[in-house]
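S.K.: Starting from the given sequences, assemble the full structure and let the hints guide the process.
There are 2 protein chains.
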Amino acid sequence: MSKPVKIIMIEDDEGHARLIERNIRRSGVNNEIMPFTNGTDAVSYLFGSDGTGIDILRRVKEDKYLKCAPVVVLTTTDDSQEIKRCYELGCNVYITKPVNYESFANAIRQLGLFFSVIQVPQAAT
Amino acid sequence: MSKPVKIIMIEDDEGHARLIERNIRRSGVNNEIMPFTNGTDAVSYLFGSDGTGIDILRRVKEDKYLKCAPVVVLTTTDDSQEIKRCYELGCNVYITKPVNYESFANAIRQLGLFFSVIQVPQAAT
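Top to bottom, those sequences are chains A and B.
Just so it is clear: in the first sequence, position 125 is 159 by the working numbering, and no numbers are missing.
Just so it is clear: in the second sequence, position 106 is 140 by the working numbering, and no numbers are missing.
The hints are simulated quantities; they were obtained by calculation from the structure and are not laboratory data.
Any given hint might turn out to be false.
No copy is singled out in the list; a pair is fine if it fits within one copy or between any two copies.
[Unchecked claim] Pairs of lysine-lysine, DSBU-like flavour, derived with a Cα cap of 35 angstroms:
#1 LYS131 to LYS118
#2 LYS118 to LYS37
#3 LYS40 to LYS98
#4 LYS101 to LYS131
#5 LYS131 to LYS37
#6 LYS95 to LYS118
Remember, predicted model here, so these are calculated numbers, not experimental data.
M.R.: What follows is the structure, given as structure tokens:
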């Protein structure tokens with residue numbers, strides 16, 4: 035037996051979202067509608083939560099103006115494949131979020147100290 | 035003179051976001067921090083608002099499981115290049131949102147009627 039079809043709706047305007055749902059119902063479609071107000075949540079639903087950050091990293095590093103901007107990936111994952119993938123895509127610094135509060139705070143202070151010494155390219159004018 | 039460097043922070047956990055900001059400040063970094071709780075908003079800030087939907091379309095159509103799912107792009111844009119690009123990326127139906135309420139409602143009802151007649155592939159099990 036085939037599973038019922040779900041409709042994924044991504045609409046940031048709540049009025050539009052309601053209008054869309056109401057008029058879809060009016061035309062007799064009763065399938066479940068999953069509403070999302072932003073693409074990130076929809077992407078997490080469709081692909082799992084990890085994909086979104088990677089996608090933004092890829093886009094920034096593919097952009098001719100933005101690719102020079104240093105990117106720090108700060109995540110709970112310490113999976114070596116994931117770390118490798120981020121560096122391959124051009125991430126500048128990858129940090130695993132320590133689970134312990136004090137260690138997390140300390141890691142961020144170190145990151146701040148790092149920010150305070152690195153040079154960044156001039157923005158395009 | 036070079037522009038001051040802005041720090042773009044994307045962090046969905048508000049507690050983490052505060053911790054990150056506080057500890058960056060503690061290490062003496064005073065640059066403006068732009069906080070975003072989701073990637074969509076950050077991508078809109080970095081690339082402009084139009085890019086996000088296109089990106090999700092691309093990802094869905096590149097995914098071996100999801101690419102069979104019909105995708106309807108419903109947008110305010112009626113730019114012919116944009117329409118062409120969406121179809122090239124595999125969008126199934128492109129609809130420009132009518133600005134008039136009644137026309138919008140009617141377009142969605144038509145979309146619903148369309149949903150009620152199309153077949154979709156079975157989900158992978």
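S.K.: What hints, given by number in increasing order, does this structure fail?
M.R.: none
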